[in-house]
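Please put together the full structure from these sequences, using the hints given.
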Amino acid sequence: MFEDRRIGLALAMPAAVFAAALFLAPVIILLSEGFRGAEGWTLAPYIDFFSSDRNRVVFLRTLKLATLVAGVSAIIGYATAFAIVSLPPASRGRMFALVTLPLMISPVARTYAWLVILGRTGFVNQILVGSGLMDTPLRLLFTETAVFIGLLQLFLPLMIISLISAMENMPRDAVPAARVLGANWVQVFFKVILPLTREGLVVGGTLVFTGSMTAYITPAILGGSKVLMLETLLYQRVTVANDFASAAVIAMILIVMAFSANIVLKRMATARARR
Amino acid sequence: MTLARTLATASALAIAAGAAQAEDTLTISVYSFAQDEFQEIVYDPFMEICDCKIVVETGNSVERLAKIEANKENPVIDMAVLSTHDALSAARKGLLAPIDTAALSNYDKLYDIAKDPLGDHLGVGYTFYATSIVYRSDKVTIDSWADLLSPELAGNVALPDITTNQGAPALLMIGEALGDADYALSTPTNAVAEQADDIVTFYVRSSQVAQLMQQEEIWAAPIGRFAWASFKDNGLPMAWATPKEGQTGGMNVMVMTANNGNEALATRFMDFWLSTEVQTNLAEALVDSPANAEVVVSDDIADNLTYGAETVAQLKLLPPDVILDSRETWLDQWNATVMK
Numbered sequence: 001m002f003e004d005r006r007i008g009l010a011l012a013m014p015a016a017v018f019a020a021a022l023f024l025a026p027v028i029i030l031l032s033e034g035f036r037g038a039e040g041w042t043l044a045p046y047i048d049f050f051s052s053d054r055n056r057v058v059f060l061r062t063l064k065l066a067t068l069v070a071g072v073s074a075i076i077g078y079a080t081a082f083a084i085v086s087l088p089p090a091s092r093g094r095m096f097a098l099v100t101l102p103l104m105i106s107p108v109a110r111t112y113a114w115l116v117i118l119g120r121t122g123f124v125n126q127i128l129v130g131s132g133l134m135d136t137p138l139r140l141l142f143t144e145t146a147v148f149i150g151l152l153q154l155f156l157p158l159m160i161i162s163l164i165s166a167m168e169n170m171p172r173d174a175v176p177a178a179r180v181l182g183a184n185w186v187q188v189f190f191k192v193i194l195p196l197t198r199e200g201l202v203v204g205g206t207l208v209f210t211g212s213m214t215a216y217i218t219p220a221i222l223g224g225s226k227v228l229m230l231e232t233l234l235y236q237r238v239t240v241a242n243d244f245a246s247a248a249v250i251a252m253i254l255i256v257m258a259f260s261a262n263i264v265l266k267r268m269a270t271a272r273a274r275r
Numbered sequence: 001m002t003l004a005r006t007l008a009t010a011s012a013l014a015i016a017a018g019a020a021q022a023e024d025t026l027t028i029s030v031y032s033f034a035q036d037e038f039q040e041i042v043y044d045p046f047m048e049i050c051d052c053k054i055v056v057e058t059g060n061s062v063e064r065l066a067k068i069e070a071n072k073e074n075p076v077i078d079m080a081v082l083s084t085h086d087a088l089s090a091a092r093k094g095l096l097a098p099i100d101t102a103a104l105s106n107y108d109k110l111y112d113i114a115k116d117p118l119g120d121h122l123g124v125g126y127t128f129y130a131t132s133i134v135y136r137s138d139k140v141t142i143d144s145w146a147d148l149l150s151p152e153l154a155g156n157v158a159l160p161d162i163t164t165n166q167g168a169p170a171l172l173m174i175g176e177a178l179g180d181a182d183y184a185l186s187t188p189t190n191a192v193a194e195q196a197d198d199i200v201t202f203y204v205r206s207s208q209v210a211q212l213m214q215q216e217e218i219w220a221a222p223i224g225r226f227a228w229a230s231f232k233d234n235g236l237p238m239a240w241a242t243p244k245e246g247q248t249g250g251m252n253v254m255v256m257t258a259n260n261g262n263e264a265l266a267t268r269f270m271d272f273w274l275s276t277e278v279q280t281n282l283a284e285a286l287v288d289s290p291a292n293a294e295v296v297v298s299d300d301i302a303d304n305l306t307y308g309a310e311t312v313a314q315l316k317l318l319p320p321d322v323i324l325d326s327r328e329t330w331l332d333q334w335n336a337t338v339m340k
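These protein sequence lines map, in sequence, to chains A and B. Each residue of the first sequence is one higher than the one before, starting from 1 at the first, in this note's numbering. Each residue of the second sequence is one higher than the one before, starting from 1 at the first, in this note's numbering.
Simulated crosslink set (DSBU-like; lysine-lysine; CA at most 35 Å straight-line):
#	chain 1	residue 1	chain 2	residue 2
1	B	K139	A	K226
2	B	K67	A	K226
3	B	K316	A	K226
4	B	K316	B	K67
5	B	K340	A	K64
6	A	K226	B	K232
7	B	K244	A	K226
8	B	K93	A	K226
Simulated from the structure, these hints should not be mistaken for lab results.
Pasting the structure below:
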């Protein structure tokens, strides 16, 4: 674009310096804490971390919930996105606005709403007990189910938006053509829609997975200390124990998990495309 | 040339002003709660009589301790208020200096347990709190700490997390009710672990308990007396248990940072805070229960506090050195059983 490459470089410098000095350097310093022992560099903090039963439980729970939330939001997301894309343009705009609306409400407010809805005297239990389905109210708060529901509601819009934009880029007549040629809806989905929207799925999946994994407010309020996830554990290590070494270990695990999720999803998408 | 001279003059002035300010500035490190009341009852009146400036730093104990430790060579904080065990931890790291109690005119008015809880006059108690069980009097009756684990309360109890200041004292009392008051806390920890599914949550803030009680998620929870005011008027039938094993609790102390160079002013401030007038005002504002035995408050106020020689004498407090030496073990034990 520029005749002299130096102009481009000069223009990029302020942002690059800013990112390097205020983001990259602190992150590297923080993460290196996790490899530093009394006698130089070591892997001991990582071994210690994973040798604790509680930490392994927290790690596996985080992995499980983030995967579940990403999976379920992909299923709901495809159905919703397909329905929205099939609408006439005017109503499509309205539905799109409805999907993005929750993103404009603070996660704290949304999570507190779940506290009321899922409570013992809350909406769900009033219906269950009122209709005679249950004798006593269910305990929903401070369970993995509550955290799952909260995270799903929080991140589902990101999946739907990614899939809508992927489907809008799909050739208009691909689905009708497949139908005319005799494919049933299952075949249409797996052979036409999925391959053509895989990039949207990778983007949406990465956003939802990393979002669920690193969310703090939702697991803190809906899960509490009985349903610790990596992010709430990290906070506890820093504020309660002033234990920055463990916190750095957890931060590193979260970063590795986020990158791995992205790589795995991309692999799955390309593997499918080659077939 | 003119510019350079102006700059030089300006910086000289700034240095002089800084130096002058440093002489009359007292930097204190306190809990972030009730700061409006402290400003009105303690800081503003003291600033009027000392002709000095008070800089207030707030935060949780871990953050505040970390800051004092980080500035060990060149202390920023002159005096701090901490729990007895956090104060002891600071003392062991050599961050504290003894308080010149002879210079405290109000020292003799303090309850005996507040006079030297850390030894060597490294801290002076300024407030305590009882910890007992707050419960729904229309649903249950509680007269023992063991009732927290009773079948009637299964699924209706919140307990303090082991990492909170109420955690270990509550376990100690549950242990006593179960016949094992050992500081190892293994009997009560195992008992809680066995019934972990029946505990609604392990709370980390007392405000969380008030909310759970209000939403009828729970019927009972151990809390510090300082939080009682947020329960008694919540529109539900609430009671404060007086379990047969007694009540536990905690004490907070004032400490002097080592080599801060501002000892005289800090001591004067501590003395002011411990005075009968200030302690009475803090009690009447329901901020802190008095450590000054001369404080007299109405029954109505006393009902919200941990007040009176008798109450104070009966508190079963965990010794600060026990808390400090055992908390890692307690946490490991808790993580290996309850959190599993």
